[in-house]
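Chains as they are written, first to last, in this note's numbering: chain A, 415 to 891; chain B, 99 to 542.
Don't read these hints as lab results, they were simulated from the structure. Glycine is no exception: its CB is placed at the ideal position from the N, C-alpha and C atoms. Hints may be right or wrong, so weigh each one.
Straight-line C-alpha distance at most 20 angstroms; calculated DMTMM-like pairs for lysine to aspartate or glutamate [what the hints assert, rightly or not]:
hint: 1; chain 1: B; residue 1: K448; chain 2: A; residue 2: E839
hint: 2; chain 1: A; residue 1: K796; chain 2: B; residue 2: D462
hint: 3; chain 1: A; residue 1: K796; chain 2: B; residue 2: E244
hint: 4; chain 1: A; residue 1: K796; chain 2: B; residue 2: D162
hint: 5; chain 1: A; residue 1: K494; chain 2: B; residue 2: E194
hint: 6; chain 1: A; residue 1: K777; chain 2: B; residue 2: E443
hint: 7; chain 1: A; residue 1: K790; chain 2: B; residue 2: D491
hint: 8; chain 1: A; residue 1: K851; chain 2: B; residue 2: D155
hint: 9; chain 1: A; residue 1: K793; chain 2: B; residue 2: D491
hint: 10; chain 1: A; residue 1: K678; chain 2: A; residue 2: D762
hint: 11; chain 1: A; residue 1: K790; chain 2: B; residue 2: E443
hint: 12; chain 1: A; residue 1: K494; chain 2: B; residue 2: D155
hint: 13; chain 1: B; residue 1: K454; chain 2: A; residue 2: E574
hint: 14; chain 1: A; residue 1: K793; chain 2: B; residue 2: E473
hint: 15; chain 1: B; residue 1: K144; chain 2: B; residue 2: D162
hint: 16; chain 1: A; residue 1: K494; chain 2: B; residue 2: E473
hint: 17; chain 1: A; residue 1: K597; chain 2: B; residue 2: E400
hint: 18; chain 1: A; residue 1: K597; chain 2: B; residue 2: E473
hint: 19; chain 1: B; residue 1: K305; chain 2: B; residue 2: E194
hint: 20; chain 1: B; residue 1: K454; chain 2: B; residue 2: E531
hint: 21; chain 1: A; residue 1: K793; chain 2: B; residue 2: E463
hint: 22; chain 1: A; residue 1: K777; chain 2: B; residue 2: D445
hint: 23; chain 1: A; residue 1: K619; chain 2: A; residue 2: E574
hint: 24; chain 1: A; residue 1: K793; chain 2: B; residue 2: E156
hint: 25; chain 1: A; residue 1: K790; chain 2: B; residue 2: D155
hint: 26; chain 1: A; residue 1: K790; chain 2: B; residue 2: D162
With beta-carbon atoms standing in for the labels, derived distance ranges [what the hints assert, rightly or not]:
hint: 27; chain 1: A; residue 1: Q846; chain 2: B; residue 2: D491; range: 17 to 25 angstroms
hint: 28; chain 1: B; residue 1: I503; chain 2: A; residue 2: S484; range: 40 to 48 angstroms
hint: 29; chain 1: A; residue 1: D495; chain 2: B; residue 2: I503; range: 56 to 64 angstroms
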Amino acid sequence: MSTELLEPITDQAAQLDIDRTAGNFSYPEQHAFDAGTGLSHATVDYISDVKSEPDWIREFRHKALDVFFSKPMPTHWASKDLENIVFQNIRYYLANGQKPKRSWDDVTDAEKRTFERLGIPEQERKFLAGVEAQFDSEAVYSNMKKALGDEGVIFVGSTEGLKEHPEIFRKWFGKVIPTGDNKFSALNAAVFSGGSFIYVPKGVKVKHPLQAYFRINAENFGQFERTLIIADEGSEVMYMEGCTAPKFETATLHSAVVELVAMKGAKLQYITVQNWSANVFNLVTKRAIAHEEAEVKWIDCNIGSRLTMKYPGVVLKGRKARGEVISIALAGDGQHQDTGAKMIHAADETTSNIVSKSISLGKGRSTYRGLVHIPKHLKGCKNNTECDALLINPTSRTDTYPAINVRGTGNATQHEASVSQISAEQIFYMQQRGLTKAQAMSLSVNGFVNDLVRQFPMEYSVELKRLIDLEMEGSVG
Amino acid sequence: MSAVLESPAAPSLSAAKTEKFVMTSGPDFHSHPTYFRERQQAAWEKFTQLPMPARTDETWRFADVKALDLSPFHRAQELGEAERSALLFRSTGLAETSGRMVFGNDRLLAQEFHGDSLRAKGVLWLPIEQAIATQREIIEKHFMREGAILGSQKFAALHESQVRNGTFLYVPRGVEIALPVECFHWSQGEGSAIFPHTIVIAEANSKVTLVDYFGSACDEPGLSVGANDIIVGDGAKVTYVAVQQFNTKSLAFRINNTVVARDAAALALVLNLGGRYVRSEAISHLRGPGGRSDMLSISATEGTQIVDQRTLQIHEAPNTASDLLYKNSLNDQSRAIFTGLIRVEPDAHKTDAYQKVRNLLLTDEAEANSAPGLEIEADDVRCTHGATSGQVDIEELFYLLSRGIPLRSAQRLVVFGFLNEVTERLPNEAICELLRDRLHAKLG
Numbered sequence: 415m416s417t418e419l420l421e422p423i424t425d426q427a428a429q430l431d432i433d434r435t436a437g438n439f440s441y442p443e444q445h446a447f448d449a450g451t452g453l454s455h456a457t458v459d460y461i462s463d464v465k466s467e468p469d470w471i472r473e474f475r476h477k478a479l480d481v482f483f484s485k486p487m488p489t490h491w492a493s494k495d496l497e498n499i500v501f502q503n504i505r506y507y508l509a510n511g512q513k514p515k516r517s518w519d520d521v522t523d524a525e526k527r528t529f530e531r532l533g534i535p536e537q538e539r540k541f542l543a544g545v546e547a548q549f550d551s552e553a554v555y556s557n558m559k560k561a562l563g564d565e566g567v568i569f570v571g572s573t574e575g576l577k578e579h580p581e582i583f584r585k586w587f588g589k590v591i592p593t594g595d596n597k598f599s600a601l602n603a604a605v606f607s608g609g610s611f612i613y614v615p616k617g618v619k620v621k622h623p624l625q626a627y628f629r630i631n632a633e634n635f636g637q638f639e640r641t642l643i644i645a646d647e648g649s650e651v652m653y654m655e656g657c658t659a660p661k662f663e664t665a666t667l668h669s670a671v672v673e674l675v676a677m678k679g680a681k682l683q684y685i686t687v688q689n690w691s692a693n694v695f696n697l698v699t700k701r702a703i704a705h706e707e708a709e710v711k712w713i714d715c716n717i718g719s720r721l722t723m724k725y726p727g728v729v730l731k732g733r734k735a736r737g738e739v740i741s742i743a744l745a746g747d748g749q750h751q752d753t754g755a756k757m758i759h760a761a762d763e764t765t766s767n768i769v770s771k772s773i774s775l776g777k778g779r780s781t782y783r784g785l786v787h788i789p790k791h792l793k794g795c796k797n798n799t800e801c802d803a804l805l806i807n808p809t810s811r812t813d814t815y816p817a818i819n820v821r822g823t824g825n826a827t828q829h830e831a832s833v834s835q836i837s838a839e840q841i842f843y844m845q846q847r848g849l850t851k852a853q854a855m856s857l858s859v860n861g862f863v864n865d866l867v868r869q870f871p872m873e874y875s876v877e878l879k880r881l882i883d884l885e886m887e888g889s890v891g
Numbered sequence: 099m100s101a102v103l104e105s106p107a108a109p110s111l112s113a114a115k116t117e118k119f120v121m122t123s124g125p126d127f128h129s130h131p132t133y134f135r136e137r138q139q140a141a142w143e144k145f146t147q148l149p150m151p152a153r154t155d156e157t158w159r160f161a162d163v164k165a166l167d168l169s170p171f172h173r174a175q176e177l178g179e180a181e182r183s184a185l186l187f188r189s190t191g192l193a194e195t196s197g198r199m200v201f202g203n204d205r206l207l208a209q210e211f212h213g214d215s216l217r218a219k220g221v222l223w224l225p226i227e228q229a230i231a232t233q234r235e236i237i238e239k240h241f242m243r244e245g246a247i248l249g250s251q252k253f254a255a256l257h258e259s260q261v262r263n264g265t266f267l268y269v270p271r272g273v274e275i276a277l278p279v280e281c282f283h284w285s286q287g288e289g290s291a292i293f294p295h296t297i298v299i300a301e302a303n304s305k306v307t308l309v310d311y312f313g314s315a316c317d318e319p320g321l322s323v324g325a326n327d328i329i330v331g332d333g334a335k336v337t338y339v340a341v342q343q344f345n346t347k348s349l350a351f352r353i354n355n356t357v358v359a360r361d362a363a364a365l366a367l368v369l370n371l372g373g374r375y376v377r378s379e380a381i382s383h384l385r386g387p388g389g390r391s392d393m394l395s396i397s398a399t400e401g402t403q404i405v406d407q408r409t410l411q412i413h414e415a416p417n418t419a420s421d422l423l424y425k426n427s428l429n430d431q432s433r434a435i436f437t438g439l440i441r442v443e444p445d446a447h448k449t450d451a452y453q454k455v456r457n458l459l460l461t462d463e464a465e466a467n468s469a470p471g472l473e474i475e476a477d478d479v480r481c482t483h484g485a486t487s488g489q490v491d492i493e494e495l496f497y498l499l500s501r502g503i504p505l506r507s508a509q510r511l512v513v514f515g516f517l518n519e520v521t522e523r524l525p526n527e528a529i530c531e532l533l534r535d536r537l538h539a540k541l542g
């Protein structure tokens, strides 16, 4: 059955190019600020100087750099591909200025064209409550609807957040994900720039999503944005991020740190659609703290990059807190999507849910890595984990590595995973109704992820379906 | 080095404590022939060169590597006459078998043939020491030829360098042995280290069942580093059962390699009741189309016992099936660690693989670490795995209580029912009965 249906990919190069067209363009670099190539304490000082940061941030960066140097690569469990990152060949800070523009008209033409090609201002007009666009190291554009500002919502870049609102952000900055959490969180802490710092005051429900776009334009560049979102008691907010980069010959590094804090009863949703080009190492640490009765939901969709390692986590710190990770990964030729989730239960009656669906095409490899931890003396904790993997071609690969630690009698966990291929009956049925094989395969793959995609806001789910269709086009003969 | 190797007799107990005997004394050449001594020498060198497992080793994730200290142990001593007859008396298993072998401290105490099935048609059933001397070709071909690839390379090397005895069972083409073969492996004396080996070679279309019993004859801590080679030829069927009842001060390792050829079937069931720290590594190689491997385990632990199980279902040929079911009931502060992997090689299409681990936590201090994994490199496959951890179902308890059954008995019944699901997968009713009896005795 399979040999007839799933012929090997004949034109792999074509397949790779198709899906990247949206982001595969770049403009000449004219950066006013450039920290040069390589990483040292001087690089950190340069970044701190141009941002005119207070001493405590500079200190924080230097300490983090020492931690980064001292930590080994995690290759004893992770992909050996990590060894191909040459930290001394990367440029750590590139920007035209440190202040984002509030009006789209003030953004430079090249940057504007970049984001207009990606459709950002248009999106904003449609439905967004606030938007930030980051070009290499700094945000070039940031705007938020005035009504939100009046309610006390803060939506600024990381530098501005720490400088202007230390009383709000300093308390949690680097607390959800400490510098030494892993080698890449330490790297981010040393050279972070850009990202979003958001504070939603008590009881404020932000109706429309806040959004950020991350764009890498320069070759050999490393983007290290830092995001911290604090949803105060009873508030609600949804944040979405999108990422693209042109396809350069050399590897590019994206290493972000995202910290979420959901205070009592708050609801926080964080949505990522990652479509980096296939030369980007995407090594991101994302973690949330959910206090009493708070709800944190990560919706994580990984389509691009060369190697993604990302395991969004929730520390369920307060009674009845709830954590959820919805993960979709699509690994095409030459890609490795190493994604998953972490749920750390630290209070009674906390619940968590992980649903992961991955699709491997061509020689792509998707990996689910998970951790569920329920320590002793907790009562009424529950976890449910489901991982489904779909393999499209005979050369595709999928791995599942969950880890579940449970102590005590008051808790329940269940984990299920399955690996399958597209049902031949389904394809036959659709072909018999006049669809081409490629259309049928696309439809089937979309059906596989459909129940998850439906949880996305409309615009994103449409975009996602389109991306899946594009990826599928090259992979069936 | 050679000076140490030449030293004839084992040092005394007191010396062992200070000299870390197992760690430093060199291979146990016993009376093995030269070809085997060379292997032991090489294995010993490997053992001394390999580092002890570290906490950061992925294959020892969750494990307490401090529990692996080998320094208190020395080679087990020859037993006295009274001890030997006491052990023979205690070596009771199934009512009907085709033969029984008893080892005490790695020395053969008895070998009995019941009926003629084991002597017929060229079946070779020998103590390993004899097989090493007389069956060089088979030993060279099969003895520890599959690596200990789940983390215990060092302990496998130790086993190979120290192995003295165990069971060798060779069943020729087409021969079916109806009644099980039994082997008892006893360890006696404080700090005694034994290295039991079981090798079963079932040629094409043959059929055999082997039951291994492991036990401590005393209450002092002992060490067992065992290894199995189970080679199932085309169309053959092998059922292997291990009943592990070491005392709860003992440290035990077991490395099990099963190779399943075309249309062959292997079924292995391990009952873990004893041990302070028990590390078990089970690898099933599905090497021929149509092959099937069932991997079953029951562990009932209490106190501070740790059962650390690592498994690998490796599908190397198309159209193969594997099915793993491990169940653990955890009392007191005991712990169950499980890391399993289903691996499907690039050409192993039509693989049907299943893996399930279920933990029943009976107290607040009990702990279960489960990491069921999949690595799939072929697309036309059906692979699923599941892991659950939970407690005794309140409604089941309530039902039993409402029928007038006291709480303790009700709990035992639920636990027993939970574990018994695994024994039901065995095709042999007499062995099921034996496993149930041992389980009942442990659960109290």
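Here is what the structure says about each hint:
Proposed proximity of B/K448 and A/E839 is supported: the alpha carbons are some 16 angstroms apart, at most 20 angstroms. Distance check on the hinted pair: A/K796 and B/D462 sit about 15 angstroms apart at the alpha-carbon level, within 20 angstroms; holds. As the CA atoms of A/K796 and B/E244 are separated by approximately 40 angstroms, the hinted pair breaks the 20 angstroms bound. A distance of roughly 26 angstroms separates the Cα atoms of A/K796 and B/D162; the hinted pair therefore is violated under the 20 angstroms criterion.
Restraint check for A/K494 and B/E194: the C-alpha separation of about 55 angstroms exceeds 20 angstroms, so the hint is violated. Of the pairs offered as hints, the one joining A/K777 and B/E443 holds, with about 14 angstroms between alpha carbons and a cut-off of 20 angstroms not exceeded. Restraint check: the Cα-Cα separation between A/K790 and B/D491 comes to about 19 angstroms, which is no more than 20 angstroms; the hinted pair holds. A distance of roughly 46 angstroms separates the Cα atoms of A/K851 and B/D155; the hinted pair therefore is violated under the 20 angstroms criterion.
Between A/K793 and B/D491 the alpha-carbon distance is near 15 angstroms, which keeps this suggested pair within the 20 angstroms criterion. Between A/K678 and A/D762 the alpha-carbon distance is near 15 angstroms, which keeps this suggested pair within the 20 angstroms criterion. A distance of roughly 39 angstroms separates the Cα atoms of A/K790 and B/E443; the hinted pair therefore is violated under the 20 angstroms criterion. Simply put, A/K494 and B/D155 have alpha-carbon atoms about 16 angstroms apart, close enough for the 20 angstroms limit, and the pair holds.
Note on B/K454 and A/E574: the hinted pairing is violated, with a Cα-Cα distance of about 51 angstroms set against a maximum of 20 angstroms. Note on A/K793 and B/E473: the hinted pairing is violated, with a Cα-Cα distance of about 34 angstroms set against a maximum of 20 angstroms. Taking the CA atoms of B/K144 and B/D162, the gap is about 23 angstroms. The hint is violated against a cut of 20 angstroms. Of the pairs offered as hints, the one joining A/K494 and B/E473 holds, with about 16 angstroms between alpha carbons and a cut-off of 20 angstroms not exceeded.
Among the hinted pairs, A/K597 with B/E400 is inconsistent with the structure: their alpha-carbon atoms are about 39 angstroms apart, more than 20 angstroms. For the hint pairing A/K597 with B/E473, the CA-to-CA distance comes to about 26 angstroms; that exceeds 20 angstroms, so the pair is violated. The hinted pair formed by B/K305 and B/E194 meets the criterion: a straight-line CA distance of about 17 angstroms does not exceed 20 angstroms. A distance of roughly 24 angstroms separates the Cα atoms of B/K454 and B/E531; the hinted pair therefore is violated under the 20 angstroms criterion.
Distance restraint check for A/K793 and B/E463: the Cα-Cα separation of roughly 12 angstroms lies within the 20 angstroms cut-off, and the hinted pair is therefore satisfied. Between A/K777 and B/D445 the CA atoms are separated by roughly 14 angstroms; this keeps the pair inside 20 angstroms, and the hint holds. Between A/K619 and A/E574 the alpha-carbon distance is near 23 angstroms, which puts this suggested pair outside the 20 angstroms criterion. Between A/K793 and B/E156 the alpha-carbon distance is near 30 angstroms, which puts this suggested pair outside the 20 angstroms criterion.
A hinted pair counts as satisfied when its Cα atoms are at most 20 angstroms apart, and A/K790 with B/D155 does not qualify at roughly 25 angstroms. Straight-line distance between C-alpha atoms of A/K790 and B/D162 comes to about 18 angstroms, which keeps the hinted pair within the 20 angstroms bound. Checked against the given bound of 17 to 25 angstroms, the beta carbons of A/Q846 and B/D491, roughly 47 angstroms apart, lie outside it. Checked against the hint of 40 to 48 angstroms, the C-beta distance between B/I503 and A/S484 comes to roughly 60 angstroms, which is inconsistent with it.
The given range of 56 to 64 angstroms is respected by A/D495 and B/I503, whose C-beta atoms sit roughly 58 angstroms from each other.
Violation of the numbered hints given earlier is confined to hints 3, 4, 5, 8, 11, 13, 14, 15, 17, 18, 20, 23, 24, 25, 27 and 28; the remaining hints are satisfied by the structure.
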